[in-house]
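Under our numbering, read the sequence shown as residues 355 to 590, first letter to last.
Among these hints, one or two may not hold up.
Distance ranges between label pairs, derived from CB positions [said to hold, decoys possible]:
| id | residue 1 | residue 2 | range |
| --- | --- | --- | --- |
| 1 | P573 | P546 | 44 to 54 Å |
| 2 | G403 | S460 | 41 to 51 Å |
| 3 | A358 | P542 | 37 to 47 Å |
| 4 | S391 | R421 | 29 to 39 Å |
| 5 | Y490 | R532 | 41 to 51 Å |
| 6 | S460 | E381 | 18 to 28 Å |
| 7 | W571 | D461 | 14 to 24 Å |
| 8 | D491 | P573 | 39 to 49 Å |
| 9 | S512 | Q401 | 38 to 48 Å |
| 10 | P546 | G459 | 23 to 33 Å |
| 11 | D452 | R532 | 11 to 21 Å |
| 12 | A545 | D425 | 32 to 42 Å |
| 13 | E381 | P407 | 15 to 25 Å |
Since the hints were derived computationally from the structure, they do not count as laboratory data.
These numbers were taken from a predicted model, which means no experiment stands behind them.
No residue lacks a Cβ here, since even glycine has one placed at the ideal position from N, Cα and C.
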Amino acid sequence: MARADEVRVAVAANFSAPAQSIAADFEKATGHTVALSVGSTGKLTAQIGNGAPYEVLLAADSDTPARLEADGLAVAGSRFTYAIGKLVLWSPRPGVVDAKGQVLGSDRFTHLAICNPALAPYGAAAIQALRALGLYDRVAPRLVQGESVAQAYQFVASGNAELGLVALSQVTDEGRLREGSAWIVPQPLYAPLRQDAVLLAPGRNRAAARAWLAWLWQPAAQAIIRSYGYELPEGK
C-alpha cells in the first residue's frame, strides 16, 4: 500500500465547504491528509505563479487551469471539469428577494455585493448577468466588491449589503435554502461557470495529489458536489 502523505490543494472560495466535506471522506478512506488553501481563483493563481507549493488547483473557471498548463505551471492533460457552478441573488432576510429577481431593478436596496470580476469568475458572471438584464448602469453605483465570493457573501451575511450575487453553494444545503430569500440567476444570463481541476507542477510525482484528483470522481464526492447545488459535467 502507498505511504500516506499530505496533498496541498488550492480551492476557489465558492467550493470551500464541499471541499472540506470531500477532504474528510478522502482522509478516512486513504490515510492521506489534505491541506486546503481557500481564496479567489485570481489570488491563488498569482500565488502559484510566485512559487506557492500547491499541488492541485480547484479553480472557479476553466480558463485559468488551461493557462497554467500552457505556461508549464500545471501538468499537461491533467485538467477536467469537476463542477458547474450557479449564480444566485441572495438576502439573509426572508421576502427581500422575489421569485424573479425583480428587486434588482428596484430602489429597495442600497448595496449589492459581488466579488471582484478581475479576480473571481463569480464576479465576472455577476457583471454579465446584470448587463444581460439591462440593469448594470442602474446598479453600478451600488456595487460593493469583495476580493473573493466568500468575502462578498460576508458583506451580505453581516448586513453591510442588503443583497449579494454569490455562489448557490454558499446559501444551500441538500438543495434547501439555509436562510433568507434567493433567486437562482438563469443560466442564459451568464457564461457557464465550468470549474476545472488541474494537477500543478509540484504535484506531478505526488501520489496523494493524483489520488485526490481521482477521488473527485468517486460517487461519494460527486454526491457532496451535487448537494451544494452544483451540476456535474455530462456523463458524470
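Each hint tested on the structure:
no.	hint	in the structure
1	P573 - P546: 44 to 54 Å	24 Å, violated
2	G403 - S460: 41 to 51 Å	42 Å, holds
3	A358 - P542: 37 to 47 Å	46 Å, holds
4	S391 - R421: 29 to 39 Å	19 Å, violated
5	Y490 - R532: 41 to 51 Å	28 Å, violated
6	S460 - E381: 18 to 28 Å	47 Å, violated
7	W571 - D461: 14 to 24 Å	47 Å, violated
8	D491 - P573: 39 to 49 Å	46 Å, holds
9	S512 - Q401: 38 to 48 Å	26 Å, violated
10	P546 - G459: 23 to 33 Å	24 Å, holds
11	D452 - R532: 11 to 21 Å	19 Å, holds
12	A545 - D425: 32 to 42 Å	22 Å, violated
13	E381 - P407: 15 to 25 Å	19 Å, holds
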